[in-house]
Each structure stands twice: as C-alpha cells, then as structure tokens.
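In the numbering used here, each residue carries its 1-based index in the sequence shown increased by 7.
Source of the hints: derived by calculation from the structure; they are not laboratory data. You may find that some hints are simply not true.
Under the rule of at most 27 Å between Cα atoms (straight-line distance), these lysine-lysine pairs were calculated in the DSSO-like manner [said to hold, decoys possible]: (1) Lys-184 with Lys-266; (2) Lys-533 with Lys-609; (3) Lys-493 with Lys-622; (4) Lys-299 with Lys-497; (5) Lys-285 with Lys-81; (6) Lys-532 with Lys-367; (7) Lys-630 with Lys-86; (8) Lys-352 with Lys-479; (9) Lys-622 with Lys-524; (10) Lys-479 with Lys-497; (11) Lys-328 with Lys-367; (12) Lys-185 with Lys-118; (13) Lys-219 with Lys-184; (14) Lys-106 with Lys-81; (15) Lys-252 with Lys-275; (16) Lys-299 with Lys-339; (17) Lys-328 with Lys-106; (18) Lys-352 with Lys-609; (19) Lys-332 with Lys-81; (20) Lys-219 with Lys-106; (21) Lys-328 with Lys-622; (22) Lys-367 with Lys-285; (23) Lys-622 with Lys-252; (24) Lys-582 with Lys-332; (25) Lys-367 with Lys-349; (26) Lys-497 with Lys-81; (27) Lys-185 with Lys-285; (28) Lys-219 with Lys-266; (29) Lys-382 with Lys-339; (30) Lys-185 with Lys-81; (31) Lys-609 with Lys-332; (32) Lys-285 with Lys-118.
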Amino acid sequence: MGRADARRAREGSARRAKQNDKKSGIRRFFTWKKLLGAFLGVCLLGILGFIGLYLYVDIPKGNSAAKLQSNVFKYSDGKVMARVGELNRESVPITRIPKDVQHAFVAAENKTFYDDSGVDLKGTLRGVLNTLRGQGKQGGSTITQQYVKNYYLSQEQTVSRKLQEIVISLKVDNKFKKDEILAGYLNTSYYGRGAYGIQAAAQAYYGVDVEKLTVSQGAYLASLLQAPSQYDWTSATPAGQKRVKERWAYTLDNMVDMKWLPASERAKQTFDKPQAPKPLRGVSPQTSYLVKQAKQELFAQGVDESEFEAGGWTVTLGIDKNKQKALERSVKRKLTDDLDPKKRKVDADAQLGATSVDPKTGHIVAMYGGAGYPKHWTNNATRSDYQPASTFKPLILASAMENNAVTQDGVPITPNTIYDGRNRRPVVGGDIAFAPPNEDEQPYGKISVQTATNNSVNAVFAQMGADVGLEKIKKTAVSLGMDGSKIDAKPAMTLGTMGASPLQMAGAYATLDNHGKKVTPTLVKKAVHPVDGVETAVPLKDPIGEQVLSRRTADTLTSVLTGVVNDGTATQSVKNTAYEAAGKTGTSDDNKSAWFVGYTPKLVTAVGMFGESPKGGTQVTLKGTGGGGRVNGGGYPAQVWADYTASALGGNTGAEFDLETDLGAGVPPTPTPTPSKTPSESPTPSGTPSKSPSQTPSSPSTSPSQSGSGKPSDPATPTDPGSSPPPGGEDGGDTGGRPTGGNADGGKSTNSLPGFN
Numbered sequence: 008m009g010r011a012d013a014r015r016a017r018e019g020s021a022r023r024a025k026q027n028d029k030k031s032g033i034r035r036f037f038t039w040k041k042l043l044g045a046f047l048g049v050c051l052l053g054i055l056g057f058i059g060l061y062l063y064v065d066i067p068k069g070n071s072a073a074k075l076q077s078n079v080f081k082y083s084d085g086k087v088m089a090r091v092g093e094l095n096r097e098s099v100p101i102t103r104i105p106k107d108v109q110h111a112f113v114a115a116e117n118k119t120f121y122d123d124s125g126v127d128l129k130g131t132l133r134g135v136l137n138t139l140r141g142q143g144k145q146g147g148s149t150i151t152q153q154y155v156k157n158y159y160l161s162q163e164q165t166v167s168r169k170l171q172e173i174v175i176s177l178k179v180d181n182k183f184k185k186d187e188i189l190a191g192y193l194n195t196s197y198y199g200r201g202a203y204g205i206q207a208a209a210q211a212y213y214g215v216d217v218e219k220l221t222v223s224q225g226a227y228l229a230s231l232l233q234a235p236s237q238y239d240w241t242s243a244t245p246a247g248q249k250r251v252k253e254r255w256a257y258t259l260d261n262m263v264d265m266k267w268l269p270a271s272e273r274a275k276q277t278f279d280k281p282q283a284p285k286p287l288r289g290v291s292p293q294t295s296y297l298v299k300q301a302k303q304e305l306f307a308q309g310v311d312e313s314e315f316e317a318g319g320w321t322v323t324l325g326i327d328k329n330k331q332k333a334l335e336r337s338v339k340r341k342l343t344d345d346l347d348p349k350k351r352k353v354d355a356d357a358q359l360g361a362t363s364v365d366p367k368t369g370h371i372v373a374m375y376g377g378a379g380y381p382k383h384w385t386n387n388a389t390r391s392d393y394q395p396a397s398t399f400k401p402l403i404l405a406s407a408m409e410n411n412a413v414t415q416d417g418v419p420i421t422p423n424t425i426y427d428g429r430n431r432r433p434v435v436g437g438d439i440a441f442a443p444p445n446e447d448e449q450p451y452g453k454i455s456v457q458t459a460t461n462n463s464v465n466a467v468f469a470q471m472g473a474d475v476g477l478e479k480i481k482k483t484a485v486s487l488g489m490d491g492s493k494i495d496a497k498p499a500m501t502l503g504t505m506g507a508s509p510l511q512m513a514g515a516y517a518t519l520d521n522h523g524k525k526v527t528p529t530l531v532k533k534a535v536h537p538v539d540g541v542e543t544a545v546p547l548k549d550p551i552g553e554q555v556l557s558r559r560t561a562d563t564l565t566s567v568l569t570g571v572v573n574d575g576t577a578t579q580s581v582k583n584t585a586y587e588a589a590g591k592t593g594t595s596d597d598n599k600s601a602w603f604v605g606y607t608p609k610l611v612t613a614v615g616m617f618g619e620s621p622k623g624g625t626q627v628t629l630k631g632t633g634g635g636g637r638v639n640g641g642g643y644p645a646q647v648w649a650d651y652t653a654s655a656l657g658g659n660t661g662a663e664f665d666l667e668t669d670l671g672a673g674v675p676p677t678p679t680p681t682p683s684k685t686p687s688e689s690p691t692p693s694g695t696p697s698k699s700p701s702q703t704p705s706s707p708s709t710s711p712s713q714s715g716s717g718k719p720s721d722p723a724t725p726t727d728p729g730s731s732p733p734p735g736g737e738d739g740g741d742t743g744g745r746p747t748g749g750n751a752d753g754g755k756s757t758n759s760l761p762g763f764n
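With the hints as constraints, model all of the structure from the sequences given.
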C-alpha cells in the first residue's frame, strides 16, 4: 500500500469513527432497553393505579326508587299539559323467570356471561375511546356491566363513570353469583312503554306474568333492550320492525349455538307480535300523541330513554293551548260530525292528521294525530306512508327556479312559462316513457305554469320534471325536509307518489313561508332535568336552519300558491277569507289520501286525510266518505284548514306576505282555458304527440314555449277570462306506473296511470 492509499484509509476510518460517535449519542437516549423499561414502567404505574382505584372504589348503594318522579309536560305558556310516569317496576326472583327466557337474554347480550369476569376489556376500551371522541354509547358491555350501570351508577357517558363501572363490575362479579347478577339485570333494565324489569315488561307487551313467557316472547323482550323505542312493534317503522325481527332471530340462533335450544325447537318458533300498549292514565287522546312525539324528539337528540323514563324531567312544548283546542274543534266540526260509520261503512276508514307550525320559530303550535289511544295508535300527523300527491308539485317548480332550469326549447321556467297541458301528453326528454293523464282526463291546451298549478295539471308537471331533472328535484325536496329514502327518482315522482307526513309537508311549506330559510318543525322548546340537585337544560337543535332556497324562489312560490287559493282547486273552501293565504291541494291514486297544505304570513298548517281499514291498517279509498263522491284536497282537508286557521289567527288577520319577487306580491292567475271538447288521442308507443287542438291563455308575460315541441308555440285566440275552471282540477300520485285499470274518479282507464290531482 502506497502513502496515498494509507492516507485515504486513515481518513475513512476517522469519518466512520465520527459517525459512530454521533449514533452513540442518540442511542444513549433511545436504546431498546430504555424503551422497554419505560413501557414496563408505564404498565406498572397503570396497574398500581388500577389497584388503587379498585381498593378505593366500593360497591355503592343501589339507586333508590323512592327518588323517581313523574315527568311534567307543559304548554308553551308554562301551564301543565300532563304529568306522566310512575315507576312501573316489580322485582321477581330468578326462580320465576323461565330458564329459556334467561338464556334468551344471555344469548342476545352476552354469550360468555356465565364464564367471564364481569368485564369485557376489549369492548370497554372501545367504549372509552368512543366516549373520548364524543361518539356516545358505542362500547360493548357485559350483562354485569349493564346491571352495574342500571343499579349502581348513572347513564352519563364519561370516562370516569366508565372506569367506575369496570371496577364495580369486577367486585360485583366476585361477590355475587351469576344468577343473582342476571336477576338484578333483568329486574332493572328498561324495556320501553314505561316498564322497568322483566315482570313489568311481560305485562306491558304480552299481558302475562313473567313465568308464562314463551321462548319466542323472551327473545323479543331481549331484543328490545337494544332500542326500546325503535323496536316497539306497534309503533316501529317498517325498518324498525325488520331490525327487531332480525335481532329476535339472531337471539334464537345464538341459543342453538350455545346448546340451550334444540335446532328442532328453533325451527318451530314464530314471531309473537306484542299487544298494543295501554293508554296513558289521566292523559287525553291528543296529549298522548304529543307526549310520545316529544319523547321521540328528545331521544333522537341524545337523551337516554331509560334515564328519561325514570322521571324528574320538565318538558316545555311549543303547543299553544288555544290553537290546539281550535284544531281539535275544527276536525270535529268539519269532518267527524259529518261521519256516520253505522250508515256508511267507508266513514269508519277516514283518518285525519294535521301539523300547524309557526314559520318564524319552527315550533309546532298544534297537532292532531287521530282518534287517540286506544282507538288509533298511529299518529296521523307524523305517519309517512301515504302519498302527498300534488302538494309535491310546488317543490318541482322551486327546484326548476333554483336550478335555473329551462324547457326543451331553452326558455327559462317561471310561473309564466307556457306548457302544453294536453291529457296524456308524452313527456319529451325523459329516460323513461311517461304520459300521465290529467285529473278526470281533462284536455287542457297551452297554459302557463301558474294556471297549471292552480288546476294541478299533471301533463305540465310531468314535463317540467324531465326539464329540471328528477335527481335535482329529489335533492330540493330533501333539502326542504322530505325523506329521501322514500323518493324514487322516476317520472311518477312528479305526481307525488312518495310517502310523506303532514309534519314533513308543513316543514317544506314553512320554509317557503320563511323566505327559503329551512324550517324543521319541532315540538320541544325546552327540556330540563336534575343533575346533582341542579336543574340542567338539555341543548336542543334550533328549528330554524340555513338558507336552502333563495328568497326570490321561495317568495315566488308563495306568490304562485296564492293563485290556488284565489282561482284554483282550493277556491271553494279558502277564498275570501279575512287573511292572506297560499296553499296547494292534493288527491292521490284511488283517492287513498287527500291533502291541503296552506299558510298565512304567520301560520303554516298541513292537513292530510287518509283511507285506512280499521282491520289490518291497510290503505283503502276515501271515495264515498260523508255520503259524497271522491274526497278531494279542496274538500274536507281544506275545510278543516280554513276553519282552524280562522280560529287560530283570531283577530290577528291583517298581516300580508312580504314578498321579494319579480312577479310581485300575488300573481294574477292566467285565465283558465276552456278544455278541448275533443278528447286527446292516446299516445302511440313511439311517443307521438296527440293531434288534438289546444288553446293558449291571453297575454303571457314571457315568450311562450310549448315544452318538448322543438319550437315556440303559436299565438292563439284568448279564452274568456271569466270562464270557470274545469271541474275537479286537482290530481294526485300514482302507483309508480303500474296498471291500475281505473282513473281517480273510478272510471276505466286505457293507459298505465289513473288520474290524479
């Protein structure tokens, strides 16, 4: 090796030595031994801390039933509406509970109960992490932990309470036998319907003492514990019923897996539907609906159901006592006094629901749910299984304006845009062939959107749906508070074929009345309960939300809907009132529902009338109710609305709509064209338009467009401004396009859809 090579070798060795010195400096602080020591030190501290906590925390005394109180529900002015709730609990020894029923609860909640130490550390850790993240009750707990929470602790979701639960559960499991713990759990759990404990639950749901429960009934009660309010069969939604049946089956299958139920016996089990709940003692029929709805609102906002039912809460509703009584009187005067089920069988099928909302606060000021418990358990004001029919049409126009939609000819869609209203006119531009009939097969000609709204012309709104886009319309409807899961974005939706409740429709129209600012109708104004001796208010969501429609769109819709009252399908019942009003009628397929949703500057009320068989609750026609023919939205619903609104407003009728719209406050209705005397021809399979003549209203304010024609419509001779609108000018939803063999008036139809309004 030469001198140069030797020098380079020495320099390389020096560099490596320097680098090793740097690494050694870092390793001095982070060697694997030190890291392991630190980890073991943390573990030791954790163990010592837990041991200390275990020694420090004793098993507390059980919760005292004597401290439990009634819940007080108040009107908006603070006067007491109802006192509800006495502790419905009767403890029974484990020997009275059938073994199969005991096993059903273990199979549903904690299969390892008989072998575990009382704590599921993995599930509890998940629960603690979820609590720290603010995600609420999402942790797994053993039966022992749930018993400890029910009997020894509170329902609050905090880390300290969870740690207490772990320690006490370990001590309880060490001190008591498994059968004692299971008995305590079954006797302290909340099952819904105000029932604490399995004996109270057996009586509440099946009307038997606990020892008479079958394995199928026991599996249902065990399934209830996960969500008592949502899984109560008589009031659950179809989705809730589906889930509880799945959990019932899951419970029985687990019993087979655990060798507690022979597979042959499992195969014989059928779901035993529980009996209807008993009416609340000392509570009026309408108040029963209000109390239940208020509780559902609170539970949806995070209030623990079992904690609430334990009592001590004061809940103030937005219900105005005078308006509530006025609504009940109006239903009696304008509907039920006219019904005689002994004379007319159909009169027994008539149901009515209504929701009245203050559009400025979003609070529900009156609600009518039906005949009341025990005659009718379903709250008609909140049910969403009937079609809203043509009360949906204003939302189509709202979506058109909000999305700057244009006709097939590129003309902006406004209340003055001209459409072809011919009966069974094939829709142009849609993906699915659609040619709905107008109500009573009326053959309108070229008419404005305003006139089409006044007379609820199906052909116009079916075409408008294609022009706007069905998905965009659905998005607008959901933003206004309708349930998107019930809206199928197909052409028939333009006729209001989805399910909706008076509560939802009141919210949508209240948003229009509130100049496009979202209104979510809310029953509860305030809810307080004692926490450590101090009354604490529950934070509630504001019923008034963000701007979901521009003010111009909302105010234009209000302007248009005054036309329905002044010159449309609601004229006979609502016109010439002492107050300004806007609204829309609706009548569904086969006359199974009829609606009027209307509003003044200060009050929004949705009234829905439904045909429901007393036996089985199936939807039936309202035709013939009260001794008449078809029940239209302009009939009983509008009459109830008008009578109630006059009473609710009293002398406060001078308010006017404050509208910001290019069209002004209240669009003068376009003269109604005289229907063509020549029936429209049925559309051909290729979608060729009918050749029947059409007419155009006089003096349209925008360039007329016959949507789908490909060219502007020709001027036509004005019709007589004084001509009367055609009879039965409203139309409703359909059955989704399937053949029905009849139109809305009971006549035979040659097309796939009946007539609606």
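How the hints compare with the structure:
{"no.": "1", "hint": "Lys-184 with Lys-266", "in the structure": "holds, 22 Å"}
{"no.": "2", "hint": "Lys-533 with Lys-609", "in the structure": "holds, 22 Å"}
{"no.": "3", "hint": "Lys-493 with Lys-622", "in the structure": "holds, 25 Å"}
{"no.": "4", "hint": "Lys-299 with Lys-497", "in the structure": "violated, 35 Å"}
{"no.": "5", "hint": "Lys-285 with Lys-81", "in the structure": "holds, 22 Å"}
{"no.": "6", "hint": "Lys-532 with Lys-367", "in the structure": "holds, 14 Å"}
{"no.": "7", "hint": "Lys-630 with Lys-86", "in the structure": "violated, 42 Å"}
{"no.": "8", "hint": "Lys-352 with Lys-479", "in the structure": "violated, 43 Å"}
{"no.": "9", "hint": "Lys-622 with Lys-524", "in the structure": "violated, 42 Å"}
{"no.": "10", "hint": "Lys-479 with Lys-497", "in the structure": "holds, 12 Å"}
{"no.": "11", "hint": "Lys-328 with Lys-367", "in the structure": "holds, 19 Å"}
{"no.": "12", "hint": "Lys-185 with Lys-118", "in the structure": "holds, 13 Å"}
{"no.": "13", "hint": "Lys-219 with Lys-184", "in the structure": "holds, 25 Å"}
{"no.": "14", "hint": "Lys-106 with Lys-81", "in the structure": "violated, 44 Å"}
{"no.": "15", "hint": "Lys-252 with Lys-275", "in the structure": "holds, 15 Å"}
{"no.": "16", "hint": "Lys-299 with Lys-339", "in the structure": "holds, 23 Å"}
{"no.": "17", "hint": "Lys-328 with Lys-106", "in the structure": "violated, 50 Å"}
{"no.": "18", "hint": "Lys-352 with Lys-609", "in the structure": "violated, 39 Å"}
{"no.": "19", "hint": "Lys-332 with Lys-81", "in the structure": "holds, 15 Å"}
{"no.": "20", "hint": "Lys-219 with Lys-106", "in the structure": "holds, 11 Å"}
{"no.": "21", "hint": "Lys-328 with Lys-622", "in the structure": "violated, 33 Å"}
{"no.": "22", "hint": "Lys-367 with Lys-285", "in the structure": "violated, 37 Å"}
{"no.": "23", "hint": "Lys-622 with Lys-252", "in the structure": "holds, 23 Å"}
{"no.": "24", "hint": "Lys-582 with Lys-332", "in the structure": "holds, 24 Å"}
{"no.": "25", "hint": "Lys-367 with Lys-349", "in the structure": "violated, 44 Å"}
{"no.": "26", "hint": "Lys-497 with Lys-81", "in the structure": "violated, 44 Å"}
{"no.": "27", "hint": "Lys-185 with Lys-285", "in the structure": "violated, 34 Å"}
{"no.": "28", "hint": "Lys-219 with Lys-266", "in the structure": "holds, 22 Å"}
{"no.": "29", "hint": "Lys-382 with Lys-339", "in the structure": "holds, 16 Å"}
{"no.": "30", "hint": "Lys-185 with Lys-81", "in the structure": "violated, 44 Å"}
{"no.": "31", "hint": "Lys-609 with Lys-332", "in the structure": "holds, 18 Å"}
{"no.": "32", "hint": "Lys-285 with Lys-118", "in the structure": "violated, 33 Å"}
Of the numbered hints listed earlier, those contradicted by the structure are 4, 7, 8, 9, 14, 17, 18, 21, 22, 25, 26, 27, 30, 32.
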